[in-house]
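For reference, the chains in residue letters:
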Amino acid sequence: MMDVLAHLRRRERWRWWEIAFWLALIAVIFVWPSRAALVNEALIAGLFALSLDLILGLTGVVSLGQAAFFGLGAYTAAILANAGYDDPLLGLVAAVPPAAIVGLATAPLLLRGADLTRLMVTMGVALMLGELANQNGWLTGGADGLNFTVAPLFGRFSIGSIGEGPRNAALFSLAVLFVLFFASRRLARSPFGISLAAVRENRLRAGALGVSSSRRVIAIYAVSAVYAGIAGALLAETTQIVSLDLFEFHRSADVLLMLIIGGAGYLYGGIIGAGVFIVIRDVVSAATPEYWEFWIGAMLVVLVLVGRGRIARLLSLAR
Amino acid sequence: MTAPALEARGLIRRFGGLVATDNVSFSVEPGARQALIGPNGAGKTTLINLLTGVLKPTEGTVLLQGRDVTQLSSNKRVRLGLARTFQINQLFPDLSPVESLGLAISERQHRGWDFWRPAGKHEVVAEIEELLTRFRLTEVYDQPTRSLAYGKQRLLEIALALACRPQVLLLDEPAAGVPEEERHDILAALAALPADVAILLIEHDMDLVFSFATRISVLVTGRLLCEGTPAEIAADERVKAVYLGEDGHD
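Quick note, the sequences are listed as chains L and V, same order.
In terms of the numbering used here, the first sequence opens at residue 1 and continues consecutively.
In terms of the numbering used here, the second sequence opens at residue 1 and continues consecutively.
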């Protein structure tokens, strides 16, 4: 018997493992308060990878330049805090307009050509922004970066590096990650989200059903840029330092790696991949500081050979 | 006198030195059952692409219900009531028939930018069920499209176009490649298409053309050779000459 409504709604309901996933993240922060800074870094990387999943996983558009928006958001929050506007929430909100504007302005560059073109174009945008930050030292501190402090969250909870700061910072990042994840989950299951899937699966047919693929790609790219910008702002505020390294190519490459490790397209992949990436880096680099990337590399090879999105399938078995 | 559902006036399309469409004028009346035939290389595909907006004509105009749509993109023409199917399946492999149809319906309802409310809104469900039933897709409604039998995919191809609620529907060889045992479903689906929708059938299969169409246009080397009822076309010496010795058109 056909149940169209249940089929359409099957992905809307929260699964038990999703609830368990988020509870586990809260638990991790409280169980290992001494590692809160690391957890915070992983959560922010997870948000950054989620931003990439919106364009790569949902829409099928590749990017090697997400660091452009990450750095942009980080520097926006840092410059504001340096100028005395140091409320953490204000910093996050302030990161939105620049990321959205640069995202909208550069998205049309993604509409032509194939994947290789897009990789080059996105990479180029990140290079250009990084160089702009480098050249405008009066604003960005140039090669020295910026050191600054941010006010306590809600005027009460320090998110600095001392005392309960790292734990508060991790909880703050988790809350931001959850809110943005929730929104992206709604988006993925909305008519807009399904139209993105249609653009990914068959652009020609999507057009023949009245979907303007170009506009949809531009819109989701801007949303993705905003997510990356907020992730950057979060990192700036919780580490209270920014440097040109935030724009660098390896950031864009790492976040792509994280998403592929966790599996693209189901929104949890970036968070899981970021966790795996950061933990491996931490564990292996403690043992062999020089060679931790060897293991990340080995893992990547295995994952691609065994099949992408393995974790996704394991999870879908658990559903 | 109402305007034709779809009209081409003096369409010309050149590719470099090649004239793929050579001064083609014709019209499809509301609710028509019209066929466009022609030997391989006659320029049928180019003409479809000009009508749907995939290509822009070098000269000439395309009118949709009297409105000049020559400069509009293909997705805008869809919104104005011109839908099409494809000769080679153009579907969404990872989406189910339900999701694909739901997408087409929500785009038609201008909800394609709704990024917050769930896609599983009640108002689309009845229409999806109706389309699934009409196109015999009820057994595979929740399967990923890539796992569907070829004949079912052909049916979904038509169902998707119909979900746009077009005034004009271009069917590009709907029965192409369908195995004999699944052909009946396609023919039944074509026969059951809504009477108020004007249909232009592009087809090689002459049995299908002559059983379906009440009016036939013959395209040869980019030009419209003649137009008429199936009986007139069957009796036309020029058409016979064009098809003489051509295999595989039956």
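Note that these hints are calculated values from the structure, not bench results.
Just so it is clear, the structure is predicted and the values come from calculations on it, not from any experiment.
Check the hints yourself; a few may be wrong.
As the list claims (entries may be wrong) - Computed Cβ-Cβ distance ranges for the label pairs, DEER-style:
hint: 1; chain 1: V; residue 1: Glu180; chain 2: L; residue 2: Asp115; range: 36 to 46 Å
hint: 2; chain 1: L; residue 1: Tyr291; chain 2: V; residue 2: Tyr150; range: 24 to 34 Å
hint: 3; chain 1: V; residue 1: Gly17; chain 2: L; residue 2: Leu204; range: 44 to 54 Å
As the list claims (entries may be wrong) - Not everything, but these chain L residues come out facing chain V in the computed CB check (under 8 Å):
hint: 4; residue: His7
hint: 5; residue: Ile26
hint: 6; residue: Asn82
hint: 7; residue: Ala83
hint: 8; residue: Tyr85
hint: 9; residue: Asp87
hint: 10; residue: Ala114
hint: 11; residue: Thr117
hint: 12; residue: Ile194
hint: 13; residue: Ala198
hint: 14; residue: Glu201
To be verified - Partial selection, computed: residues in chain L whose CB lies under 7 Å from chain V:
hint: 15; residue: Arg9
hint: 16; residue: Thr149
hint: 17; residue: Leu153
hint: 18; residue: Gly155
hint: 19; residue: Arg205
hint: 20; residue: Gly207
hint: 21; residue: Ala208
Note that the Cβ used here is the ideal one computed from N, Cα and C, for glycine as well.
Hint check:
At about 40 Å, the beta-carbon gap between V/Glu180 and L/Asp115 stays in the expected band of 36 to 46 Å. In this structure the supplied range 24 to 34 Å is violated for L/Tyr291 paired with V/Tyr150, their Cβ-Cβ distance being about 51 Å. The hinted window of 44 to 54 Å between V/Gly17 and L/Leu204 is violated, with their beta carbons roughly 28 Å apart. A distance limit of 8 Å between C-beta atoms decides the matter here; for L/His7 the minimum to chain V is near 5 Å, and the interface restraint holds.
Of the supplied interface hints, the one on L/Ile26 is violated, with its beta-carbon coming no nearer than about 26 Å to a beta-carbon of chain V, more than 8 Å. At about 34 Å, the closest approach between the beta carbon of L/Asn82 and any beta carbon in chain V exceeds 8 Å, and the interface hint on this residue is violated. A distance limit of 8 Å between C-beta atoms decides the matter here; for L/Ala83 the minimum to chain V is near 34 Å, and the interface restraint is violated. Interface restraint check: L/Tyr85 against chain V, minimum CB-CB distance 30 Å, threshold 8 Å, status violated.
Checking L/Asp87 against chain V by beta carbon gives a least distance of about 27 Å; that is not within 8 Å, so the hint is violated. Checking L/Ala114 against chain V: minimum C-beta separation of about 19 Å lies over 8 Å; hint violated. With a least beta-carbon distance of about 21 Å to chain V, the hint placing L/Thr117 at the interface is violated under the 8 Å criterion. Proximity of L/Ile194 to chain V holds as hinted, the smallest CB-CB distance being about 5 Å (cut-off 8 Å).
Satisfaction of the interface hint for L/Ala198 is found here, the shortest Cβ-Cβ separation to chain V being roughly 5 Å, below the 8 Å cut-off. With 8 Å as the threshold, the beta carbon of L/Glu201 comes within range of chain V, its nearest partner Cβ sitting at about 4 Å, so the hint holds. The beta carbon of L/Arg9 is positioned within 7 Å of a beta carbon in chain V (closest approach about 4 Å), and the interface hint is therefore held. The beta carbon of L/Thr149 is not positioned within 7 Å of any beta carbon in chain V (closest approach about 36 Å), and the interface hint is therefore violated.
A distance limit of 7 Å between C-beta atoms decides the matter here; for L/Leu153 the minimum to chain V is near 27 Å, and the interface restraint is violated. Interface hint at L/Gly155: violated, since its Cβ lies 31 Å from the closest Cβ of chain V, which is beyond the 7 Å cut-off. Hint on L/Arg205 holds. Least Cβ distance to chain V is approximately 4 Å, under the 7 Å limit. At about 5 Å, the closest approach between the beta carbon of L/Gly207 and any beta carbon in chain V falls short of 7 Å, and the interface hint on this residue holds.
Because the smallest distance between the Cβ of L/Ala208 and any Cβ of chain V comes to about 6 Å, under 7 Å, the interface hint for this residue holds.
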